[in-house]
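Chains A and B, in that order, give the protein sequences. Using our numbering, you'd call the opening residue of the first sequence number 1 and step up by one each time. Using our numbering, you'd call the opening residue of the second sequence number 1 and step up by one each time.
It is possible that some hints are incorrect.
[Stated by the list, open to error] Derived lysine-lysine pairs resembling DSS-like cross-links, with alpha carbons at most 27 Å apart:
id: 1; chain 1: B; residue 1: Lys-77; chain 2: A; residue 2: Lys-268
id: 2; chain 1: B; residue 1: Lys-177; chain 2: A; residue 2: Lys-268
id: 3; chain 1: B; residue 1: Lys-77; chain 2: B; residue 2: Lys-168
id: 4; chain 1: B; residue 1: Lys-253; chain 2: A; residue 2: Lys-293
[Claimed, not checked] Taking CB as the label site, the calculated pair distances span:
id: 5; chain 1: B; residue 1: Pro-97; chain 2: A; residue 2: Gln-276; range: 31 to 37 Å
id: 6; chain 1: A; residue 1: Pro-113; chain 2: B; residue 2: Glu-51; range: 37 to 43 Å
id: 7; chain 1: B; residue 1: Pro-209; chain 2: A; residue 2: Thr-86; range: 42 to 48 Å
id: 8; chain 1: B; residue 1: Glu-51; chain 2: A; residue 2: His-41; range: 38 to 44 Å
id: 9; chain 1: A; residue 1: His-41; chain 2: B; residue 2: Arg-63; range: 15 to 21 Å
id: 10; chain 1: A; residue 1: Asp-160; chain 2: B; residue 2: Gln-247; range: 52 to 58 Å
id: 11; chain 1: B; residue 1: Ala-265; chain 2: A; residue 2: Lys-229; range: 55 to 61 Å
id: 12; chain 1: B; residue 1: Glu-160; chain 2: A; residue 2: Thr-87; range: 36 to 42 Å
id: 13; chain 1: B; residue 1: Pro-48; chain 2: A; residue 2: Arg-255; range: 51 to 57 Å
id: 14; chain 1: A; residue 1: Ile-172; chain 2: B; residue 2: Asn-53; range: 30 to 36 Å
id: 15; chain 1: A; residue 1: Ser-278; chain 2: B; residue 2: Phe-44; range: 39 to 45 Å
[Stated by the list, open to error] The following residues of chain A were derived to be distant from chain B, with all beta-carbon distances above 10 Å:
id: 16; residue: Ser-212
id: 17; residue: Gly-236
id: 18; residue: Leu-274
id: 19; residue: Gln-276
Since the hints were derived computationally from the structure, they do not count as laboratory data. Quick reminder that beta carbons are idealized off the backbone N, C-alpha and C, glycines included.
Residue-level listing of the chains:
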Amino acid sequence: MSRSLAGVAMVLAVAAASLQEASALELKEIAAGIFVHQGLHELPDAHNHGEIANIGFVVGSRCVAVIDTGGSPEQGRELKAAVERTTRVPVCYVVNTHVHPDHIYGNRAFRQPGVTFVGHRKLAQAMAVRAPFYLEKAQRELNNGLTRDDFIPPDQTVQDRLELDLGGRRLILTAHGPAHTDTDLSLFDDQTQILWLADLLFEGHVPVVDGSLSGWLKELEKLRSVQAKRAIPGHGPVVSDWPAAADAELHYLTRLREEVRGLVKQGKTLEQALEQASRSSRGDWQLFDEFHKRNVSSGFAEAEWEEP
Amino acid sequence: MKISQYPRLFGLLLAGVLAAIAAPVPAAGEEEAAWNGGLKQKYFADQPIEESNAVIELTAPYRAEDPALVPVSVTAKIPQTADRYIKTITLVIDNNPTPFAAAFHFTPDSGKADVAMRLRVNSYTHVRAIAETSDGKLTMSKAFVKASGGCSAPIGADLEAAMARLGKMKFKLDGDKLALQQPNLTQLLISHPNITGMQMDQISRLVKPAHFVQDVKVSFNGKPIMTAQTDIAVSAGPNFRFYFVPQQPGELKAEIKDNTGQSFAYAQAVTP
Ligand SMILES: [Zn+2]
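Hey, can you work out the whole structure from these sequences and the hints?
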C-alpha cells in the first residue's frame with residue numbers, strides 16, 4: 001500500500017470507528033440470562049479492528065460474568081454499555097477464555113473496583129510473552145488504539161476447575177491442557193446447561209491450532225461427553241446439537257493429524273509439508289486459505305516429536 | 001485512537017519498532033534502513049559485502065504462515081573444496097528484537113554448505129544470509145518476509161511439551177541410510193523451548209529468564225562437520241538441515257549448550 005493510500009485507509013478507519021461508537025453491540029439472549037454477540041468470519045484488520053469473535057455475558061441475581069471482552073478497547077466499551085442496558089446487576093467477573101487478541105482486547109473497559117478478572121493458570125504469562133508482538137501488530141494492522149494498559153492479566157486463576165457463584169446460578173470453569181492455545185477455559189452454566197466453549201469450538205471458521213493438535217483432540221473427547229443443551233463456539237453460530245456439532249471440527253483435526261503424521265513418517269521437510277498440504281477440506285470451511293497452512297506447520301512440528 | 005494519551009509508556013515500549021510500524025511495506029531504500037543504520041556495522045564492521053546470489057541463495061516465504069515457524073534455507077552455489085569453501089553463514093533478521101539469528105560454520109568436509117532452519121519472524125522484515133568464504137570475502141543474499149498468521153505469535157505452541165523433553169535430540173538422514181563418499185543431507189532435531197526472557201514484566205509481574213540454545217556442535221566419528229552459534233530467533237524445537245561427507249559408517253554426534261550453561265549430547269550410529 002502506498003503512503004497516500006495508507007492515509008486514506010486511516011481516515012476511513014477513523015470514520016468507521018466513530019460510526020461504531022454510536023452503534024450498539026448486537027447481542028442475543030440465547031438462554032435465560034445468557035447473552036451472546038456473534039462475530040463475523042473475517043481476518044482481523046483495520047476495518048473490523050479485530051472485532052471478530054463471539055463475546056457476551058451471563059446474568060445472575062447478584063453478579064454478571066462477562067465472557068471475553070472483544071477484539072478492541074472500543075468493543076469492550078460497547079459490551080459494557082450493553083451489559084448496563086440489559087441489567088442493573090453489577091459485573092463481578094470478567095472471564096478471558098484464552099490469550100487471543102479478539103477475546104481480550106476489551107478488558108480495560110471493565111477494570112474497576114469489585115471486578116475480578118479470571119483466566120487460565122497460564123494466561124498471565126502468555127499475555128506477557130505475547131504483548132510486545134501483539135501491540136506492534138495491532139498498531140500495524142488493526143487501527144484500534146490498543147495500548148499496553150489494555151492487557152489485564154487475571155486476578156484469579158483457574159488451576160483445574162473453579163466455580164463462580166453469580167447468585168441463583170453457578171458457572172463451572174474448566175482449565176484445559178494445550179488445545180486451541182495453552183490457555184483455554186470452557187464454562188458450563190448449571191442453570192441452563194449451556195456449555196460456553198469459546199475457541200475450543202469453531203463453527204464455519206476453520207479451527208486454528210495455536211496450542212496442540214493432539215492436545216485439542218484429547219480435550220475435545222472429554223468435552224464431547226458433557227451433557228449440554230447448547231454450546232457456544234468462539235467463532236460461528238450457537239449450536240443446539242452438542243456433541244454432534246463438534247463433528248466437523250473433530251473431523252478436520254483428526255484428518256490434519258493423520259496428514260502431518262504421514263508427512264513426518266515419509267521424511268518430508270516442513271517446506272514440503274506446507275507445499276503438499278491437502279486442500280481437500282477447503283470447501284468445508286471459511287478462512288481455510290488463511291489458516292490451514294499454519295495448522296499444517298504447527299501440527300507437523302508437533303508430530304515430529306510424537307515418533308520415537 | 002487516543003495513543004497520545006500514553007506517550008511515555010509507548011515511547012518506552014515501542015521505541016525499537018516504531019520504524020517498522022510507520023512503514024509496514026516500506027518504499028525502496030527504507031527497508032534497508034535498519035541494516036544500513038547500524039546492523040551491518042554491528043555484525044560486520046567496515047568489511048565490504050557483495051550482494052549477489054552467486055555464492056549462496058536464501059529462500060524464505062514472502063508470507064510466513066506461522067511467525068513462530070518460518071522455514072528458511074540457504075543453498076550454496078559453490079562446492080566446498082579445500083581451495084575455496086564457505087566458512088560461515090550468518091543469518092540476520094532486521095526487525096526482530098534480537099536481529100542476530102544464527103551463524104553456521106562449515107569445513108571442506110561438509111561437502112555442501114547448505115543449511116536450513118526454522119526461525120521466528122516478529123514483523124515485516126528482511127531476512128539476510130551472509131556467507132564468508134575461505135578467502136575472507138562476504139556475500140549476501142536476502143529475502144523479504146511478512147509475518148502473518150492471524151492470532152498466533154512468534155513464540156511457539158506448547159512450550160511445556162518441549163520443556164518436558166528438554167535436551168532430547170535426534171538425527172534424520174535423508175532416505176534413512178548413509179551414502180558413502182558423497183554429501184548426505186542430515187536433519188538435527190532438538191527439543192528445547194528456546195524462549196526469550198522477560199525482566200519483571202509490567203503485565204504479569206512475572207520474571208522469566210531467557211532459555212535458549214547457544215552452541216551447537218555436530219561431529220561425525222569425532223570430526224566436526226557443522227558448528228553453530230544460535231539465538232532466540234531460532235524457533236522452539238530447533239531444527240537444522242545440513243550436509244556432511246562420510247568416508248565410512250560411524251557415529252553422528254550432537255553436543256549443544258544453552259544460555260543457562262546446561263549441556264546435552266546425543267549420538268546416533270549411521271550405516272549405509
Ligand atoms: Zn482463539
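So, going through the hints one by one against the coordinates:
1. B:Lys-77 <-> A:Lys-268: Measuring from Cα to Cα gives roughly 23 Å; hence the hint holds.
2. B:Lys-177 <-> A:Lys-268: holds (15 Å)
3. B:Lys-77 <-> B:Lys-168: At roughly 33 Å apart (the allowed maximum being 27 Å), B:Lys-168 and B:Lys-77 break the hint.
4. B:Lys-253 <-> A:Lys-293: The hint is violated at about 33 Å.
5. B:Pro-97 <-> A:Gln-276: 31 to 37 Å: At 33 Å between Cβs, range holds.
6. A:Pro-113 <-> B:Glu-51: 37 to 43 Å: violated (59 Å)
7. B:Pro-209 <-> A:Thr-86: 42 to 48 Å: 46 Å Cβ-Cβ, so the 42 to 48 Å window holds.
8. B:Glu-51 <-> A:His-41: 38 to 44 Å: holds (43 Å)
9. A:His-41 <-> B:Arg-63: 15 to 21 Å: Holds, at about 20 Å.
10. A:Asp-160 <-> B:Gln-247: 52 to 58 Å: At roughly 56 Å between Cβ atoms, B:Gln-247 and A:Asp-160 fall inside 52 to 58 Å, so the hint holds.
11. B:Ala-265 <-> A:Lys-229: 55 to 61 Å: holds (56 Å)
12. B:Glu-160 <-> A:Thr-87: 36 to 42 Å: Holds - the Cβ-Cβ distance for B:Glu-160 and A:Thr-87, about 39 Å, lies within 36 to 42 Å.
13. B:Pro-48 <-> A:Arg-255: 51 to 57 Å: Holds, since B:Pro-48 and A:Arg-255 (Cβ atoms, about 52 Å apart) stay within the stated range.
14. A:Ile-172 <-> B:Asn-53: 30 to 36 Å: violated (59 Å)
15. A:Ser-278 <-> B:Phe-44: 39 to 45 Å: The hinted range 39 to 45 Å holds for A:Ser-278 and B:Phe-44, with Cβ atoms some 43 Å apart.
16. Ser-212: The assertion about A:Ser-212 is violated, with a minimum of 5 Å to chain B.
17. Gly-236: holds (16 Å)
18. Leu-274: violated (7 Å)
19. Gln-276: holds (13 Å)
The structure is inconsistent with the numbered hints 3, 4, 6, 14, 16 and 18, although it conforms to all the rest.
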